[in-house]
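Participant: Okay, here's what each chain looks like letter by letter:
There are 2 protein chains.
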Amino acid sequence: MTVLVVFTAKQTGDDLEGYGRMAQRMDELARKMPGFLRIDSARNKDGFGITVSAWESEAHAASWKREAEHLGAQKLGRERWYEHYRVEVAEVTRSYSFKR
Amino acid sequence: MTVLVVFTAKQTGDDLEGYGRMAQRMDELARKMPGFLRIDSARNKDGFGITVSAWESEAHAASWKREAEHLGAQKLGRERWYEHYRVEVAEVTRSYSFKR
Numbered sequence: 015m016t017v018l019v020v021f022t023a024k025q026t027g028d029d030l031e032g033y034g035r036m037a038q039r040m041d042e043l044a045r046k047m048p049g050f051l052r053i054d055s056a057r058n059k060d061g062f063g064i065t066v067s068a069w070e071s072e073a074h075a076a077s078w079k080r081e082a083e084h085l086g087a088q089k090l091g092r093e094r095w096y097e098h099y100r101v102e103v104a105e106v107t108r109s110y111s112f113k114r
Numbered sequence: 015m016t017v018l019v020v021f022t023a024k025q026t027g028d029d030l031e032g033y034g035r036m037a038q039r040m041d042e043l044a045r046k047m048p049g050f051l052r053i054d055s056a057r058n059k060d061g062f063g064i065t066v067s068a069w070e071s072e073a074h075a076a077s078w079k080r081e082a083e084h085l086g087a088q089k090l091g092r093e094r095w096y097e098h099y100r101v102e103v104a105e106v107t108r109s110y111s112f113k114r
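For the protein sequence lines, the chains are A and C, in the order given.
Using our numbering, read the first sequence as starting at 15 and increasing by one per residue.
Using our numbering, read the second sequence as starting at 15 and increasing by one per residue.
In case anyone wonders, no lab produced these hints; they're calculated from the structure.
Check each hint, because a few of them may be wrong.
The list treats identical chains as interchangeable, and a pair is accepted whether it falls inside one copy or across any two copies.
What the hints assert, rightly or not - Restricting the straight-line Cα-Cα distance to at most 30 Å, the calculated cross-link-like pairs of lysine-lysine (DSS-like) are:
no. : residue 1 : residue 2
1   : Lys-89    : Lys-113
2   : Lys-79    : Lys-46
3   : Lys-59    : Lys-79
4   : Lys-89    : Lys-46
5   : Lys-79    : Lys-89
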């Protein structure tokens, strides 16, 4: 059963260079975690962004939340980079896709 | 129980003006549907975007999928605007948020 972690966040606008490095590092790290399926991110010019990662189970998603380096990034995010954010963990019940 | 509809899509790059109008119309329409909770969108410069809408139940999310004008937009999306897209419907099991 696929589990999504949906992260919506508004950046403060401070230290964008440091943020970009950290975001890239977290993307790379997530891809190496057990149970990883995929990760996608999009961000508007105003600093509002959405990242969706997909995992094989809730347990895999929870392990990613608790990963040590990721915990450090979450702390920095609260201290420095985000005005606000929301994380939702959700079990996929239906999905469909289209490709041209 | 909150249900998310996670829409990830890559635009073709054609008819961006028509696309922008339609996207705004769908945003307005979703907000008027029964069971609507919220909708957020973010898009990268390369045309990759994520839209997450939240609903009070699966039935409400399903009604939004079948709404007549929205069905028309979905058809136009496949014919004209999207290289590929994925829709995932998912039940929220945990959530947390942060505000500065």
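Participant: Determine for every hint whether it applies to the structure shown.
Facilitator: Hints, one by one, checked against the model:
no., hint, result
1, Lys-89 x Lys-113, "between (38 Å within a copy, 13 Å between copies)"
2, Lys-79 x Lys-46, "within (14 Å within a copy, 35 Å between copies)"
3, Lys-59 x Lys-79, "both (27 Å within a copy, 28 Å between copies)"
4, Lys-89 x Lys-46, "within (21 Å within a copy, 37 Å between copies)"
5, Lys-79 x Lys-89, "within (12 Å within a copy, 38 Å between copies)"
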